[in-house]
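Using the sequences and the accompanying hints, generate a full structural model.
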Amino acid sequence: MKKDRKHLSVSAIKDGTVIDHIPAEKLFNVISILGLDSIPNQITFGTNLESKKLGRKAIIKIADKFFKETEINKIALIAPTAKLNIIRDYEVVDKRQVEVPDEIIGIARCMNPKCITNNDSVVTRFRVIAKPRISLKCHYCEKITDQENLEIL
Amino acid sequence: MIRNKSLVSINDYNKEDYLAILDLAEQFESRPVRNTLQGKVVATLFFEPSTRTRLSFESAVNRLGGRIIGFSEAGTSSVTKGESLKDTIKTVSNYCDLIVMRHPIEGSARYASEVSGVPVINAGDGANQHPTQTLLDLYSIRKTQKTLDNLAIMMVGDLKYGRTVHSLLQAMSSFNTTFHFVSPDELKMPGEYKMHLENRGLKYYEHKDFTDILPEVDIVYMTRVQKERFSDPMDYEKVKNVYVLRNNMLEQTKPNMKILHPLPRVNEITEDVDDNMKAYYFTQALNGVYTRQAIICSILGLDQK
Chain L
1 MKKDRKHLSV SAIKDGTVID HIPAEKLFNV ISILGLDSIP NQITFGTNLE SKKLGRKAII
61 KIADKFFKET EINKIALIAP TAKLNIIRDY EVVDKRQVEV PDEIIGIARC MNPKCITNND
121 SVVTRFRVIA KPRISLKCHY CEKITDQENL EIL
Chain C
154 MIRNKSLVSI NDYNKEDYLA ILDLAEQFES RPVRNTLQGK VVATLFFEPS TRTRLSFESA
214 VNRLGGRIIG FSEAGTSSVT KGESLKDTIK TVSNYCDLIV MRHPIEGSAR YASEVSGVPV
274 INAGDGANQH PTQTLLDLYS IRKTQKTLDN LAIMMVGDLK YGRTVHSLLQ AMSSFNTTFH
334 FVSPDELKMP GEYKMHLENR GLKYYEHKDF TDILPEVDIV YMTRVQKERF SDPMDYEKVK
394 NVYVLRNNML EQTKPNMKIL HPLPRVNEIT EDVDDNMKAY YFTQALNGVY TRQAIICSIL
454 GLDQK
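Chains L and C supply the protein sequences, listed in that same order.
All residue numbers for the first sequence refer to our numbering, where the first residue is 1 and numbers rise by one.
All residue numbers for the second sequence refer to our numbering, where the first residue is 154 and numbers rise by one.
Since the hints were made in silico from the structure, they are not lab data.
Ideal Cβ placement from N, Cα and C applies to all residues, glycine included.
Partial chain C-side listing against chain L, Cβ under 8 Å, derived:
id : residue
1  : S162
2  : S237
3  : I258
4  : S261
5  : R263
6  : Y264
7  : G279
Structural data, given as structure tokens:
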């Protein structure tokens with residue numbers, strides 16, 4: 001525990017959530033999907049940090065914010081490697097990994113150009129039919145969008 | 154269970170629902186003219202023309218004493234003024250008890266069912282779904298074979314883009330069916346449907362031409378091989394006569410075998426087949442009226458008087 005605290009000491013938060021191991025290039029997608037650009041909490045983030053696993057990673061620390069699982073799992077599509085540290089009184093009290101949810105709403109684009117979601121102002125919605133290599137079935141046109149064709153809105 | 158629920162995809166119904174619709178369709182076949190829909194208004198919204206499907210629905214409604222409103226192509230509707238699908242559906246659902254919709258955009262029917270105040274029947278959304286076609290196919294198969302269980306079906310032609318074969322495959326996979334797929338390489342059954350059969354432990358076989366299995370099957374389901382599906386016109390020229398069913402090919406086939414086709418036919422079944430007892434495609438179209446009567450009445454929850 002002590003080691004964790006030292007690791008976080010640069011801008012340690014008293015209570016809140018640290019999202020670590022985000023692929024550096026996905027940082028701003030994560031911020032946008034979680035709506036972090038429009039909440040009043042104190043937030044610090046670092047990017048292009050060295051990581052053995054990812055090459056370059058990003059980290060976000062959000063004070064006084066605790067995510068519901070359904071909320072945080074929205075980032076699983078773009079940052080499946082992300083890890084959560086839940087902080088209470090400067091201590092890491094829980095560690096979690098993001099999990100791809102069974103349903104994805106409004107994050108990904110349907111790969112079918114003839115789908116209503118690409119032709120009208122309809123929010124996309126998918127059932128996740130395979131993971132960890134993601135395969136999404138469109139709720140509207142019923143076509144499958146696979147990992148290679150996955151595009152984040 | 155079906156009552157008040159839109160029918161958008163064949164996957165909205167389960168095996169029990171299929172059988173309930175087919176049983177009811179049988180009753181309509183024995184007495185197709187009734188007053189069940191008296192006082193009811195059905196809107197047929199055809200954003201792209203499909204005369205055959207529209208007339209079949211309108212015939213079904215008329216024979217039950219219902220009234221029809223609607224349009225047969227987007228050009229004669231407010232769509233030309235730039236109205237969104239959502240606004241059209243929300244408005245029209247004030248005027249009717251049920252919407253029957255045909256639209257070129259895939260997923261449009263699901264979306265319409267979510268914004269509509271009344272149930273929606275999908276009469277075709279692009280290359281995606283056309284569930285009433287599938288139910289009338291099931292009706293035709295059960296009627297001619299006396300069962301839906303343990304049959305062998307041969308699907309011929311465009312198996313890649315043909316929505317009717319995809320939906321029929323999904324529906325028949327509840328009945329221990331054996332599938333034979335006959336198509337050119339360019340138009341083979343997509344992997345996701347083959348995987349669906351594998352997951353259910355069902356057998357399927359792929360062939361490049363009609364081969365000697367024709368005498369083994371109970372149903373031959375023909376579809377049109379369209380020239381515009383080929384990137385190279387030469388590839389089309391090579392295969393265009395391979396997927397044609399001729400009368401002299403039917404000699405060794407089973408006595409119960411029937412030939413189905415969603416129509417329109419072009420040249421994939423020669424006209425000399427039409428007089429063969431095994432040709433069933435025109436009766437299949439007639440069955441569409443009874444099946445649609447059954448679907449409409451089930452969704453509206455109307456008792457069969």
